[in-house]
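Asker: Model the placement of chain B on the given structure of chain A, informed by the hints.
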Amino acid sequence: MPLTPPATEASAGPVLQIEDLSVLLGGLPVLRGITMSVRAGEAVALLGGNGSGKSTLVRSALGLLPSERGSVNLFGQPLARFRSWSRVGYVPQRSTAPSSGATVTEIVASGRLSLRKPFLPRSARDRAAVRDALDLVGMGGRSKSDVRELSGGQQQRVLIARALAGAPDLLVLDEPTAGVDLEHQQVLADVISARVSAGLAVVVVLHDVGPLTPLIDRGVILRDGRVVAHGPLPEITANAHRGAGHFRTGHEHVDPERPDGWLDGTVDR
Amino acid sequence: MIEILSYPFMQRALLAALLTGIIAPAIGTYIVQRRLSLLGDGLGHVAIAGVGLALLTGQAPVPWAVAVCVVGAVTVEILRQRGKATGDVGLAILFYGGLAAGVLMSGIAGQGAAALSQYLFGSLTTVTGSDLMVIGVLAVVVLVPALGLAPQLFAVSTDEEFARTQGLRVRLYNILIVVLAAVTVTLAMRTVGLLLVSALMVVPVAAANNLVKGFYAGLLAAMVVGAAVTVGGAVGSFYLDTPPGALIVVLAIVVFALSWPYSALVTRRRRVAPVLPELADDDTMTLHTEVPETHPHKHGPDCEHPSVRHGDHTDYVHEGHRHAAHGDHYDEH
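Protein chains in written order, with our numbering: chain A, 1 to 269; chain B, 1001 to 1333.
This is chain A alone, in the form it adopts within the complex:
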């Protein structure tokens, strides 16, 4: 792996720096001039309604979508030259992995690939890291299960374990709490906040903040591909509510206390 700056050096600069980023999807502007940065040990939430550009932002920040204008720097390196992918953990919003018929361990082991060399077998450290990541999210007992047998919430936890298996310095989660019941959202919040105090930088796309609230240092509210509010959570969400209620429009809010709420998470398929 070429030129990975030592962790201490990197913690000085921002882990993720996005400048004036504009992205077109199908010829339509989805992001327009986004500027934001995330430092080590900081958890930033991306909020906003459906179609506001949250997912597009994290996907272009990881180079999964081409940008029209602007720049992305990961650990001080321009995205095009960035090679230290083991420092990044990504939890996609929709993954095809759970329908693959692989076991939980096989899926999570993919999270070590940035550290592995082709043609070499898994090392003992790889195996231990996979086990630890599964234990962290409370899925250690299901390591040999077919992922298709798990509930949506359990699959989500497997994908989070996959992102954590490489011991990343930047964790990017796209709606990690979708379909996860409140109890396990709390488990996730605890896992992530322990890592954040150890210096992990987190970018998390959220529909509802929920149990993750105490963990979030800052929020960035997007609307129509622009940053409309930026700052500590209670303030900006309150302002967004007052300001014509834009933040709350455009998507459905499911109150997790309602009886149908638990159907999302606790009921196995």
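To be clear, the hints were calculated from the coordinates, so they are not data collected in a lab. These figures come from a predicted structure and were not determined experimentally. Cβ coordinates follow ideal geometry from the N, Cα and C atoms, glycine included. Check each hint, because a few of them may be wrong.
Label pairs and their computed distance ranges (CB to CB) [stated by the list, open to error]: (1) B:V1254 to A:R125: 28 to 36 Å; (2) A:G140 to B:V1317: 25 to 33 Å; (3) B:V1266 to A:D20: 54 to 62 Å; (4) A:G152 to B:A1067: 25 to 33 Å; (5) A:L120 to B:A1115: 43 to 51 Å; (6) B:Q1011 to A:G140: 46 to 54 Å; (7) B:L1258 to A:D217: 54 to 62 Å; (8) B:A1228 to A:K144: 24 to 32 Å.
Answerer: Showing chain B alone in chain A's frame:
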């Protein structure tokens, strides 16, 4: 059984069959995972163009088939990656362009359909020593990356975006998969034939998915099933005097058909009953509603009604509502 091993042509046939049976499902596992089950068929048609070209120029068919097939596979994959052709349109162009060109060229060469047919349906018993050599080399060329790069290829074919965030060169791996598939198709043209090779890449994989759990176990099981049906088919065709390619594919489908009920039985046993939490304000205690309808059977693990764990007991879903056993009757939950 032993006697057939005394014929040199059968020794070569069995070895060629075994190699094909191991290789085709190995690469087929990735093809199936990428939802490109019909790719092998398309590539088989393209290889026909290569065979036609060889007949036209009077050269050995295998190298030409490999070259044309690899070029076709890479072209389609690059078109797909650039978003210029959707998967099915690209495959359709492969299918018919390759087939038509192959038949056309073999016709111009004055060889007609008969010369092509040994490649279309295989002709295992005419495999020569040098054929076997080529098949052996190609088998190693396919097997080394298919197994050595299994973790990378698995990640790329199950979750492309995540694989990219692991720093994997996803485009390269995707091209590698179709190139390996192209080589496999041409390797199999003497054994099962170009028209049936796709079956050997897909059917053992489908059967293995029913028999074992997990990706690597599935990969190995598919190779075992593939080896068993190709060797079985080659031996069977010797005694039954049938075309080996067809018998191999029929055997593979029989294994798949048998694996199906097995899988249904096992998943039924393995299926975990869903759990409904008993809500704090659950009114089942206060509202005791006895189910009015009569039951021809007693609800239990063997009845056809889906079960749900509800707090400390099990409910059975019965025409849209849940029944819980209570003494000699069922309550509505």
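Asker: Run through the hints listed earlier and report the numbers of any the structure violates, in increasing order.
Answerer: 1 and 4
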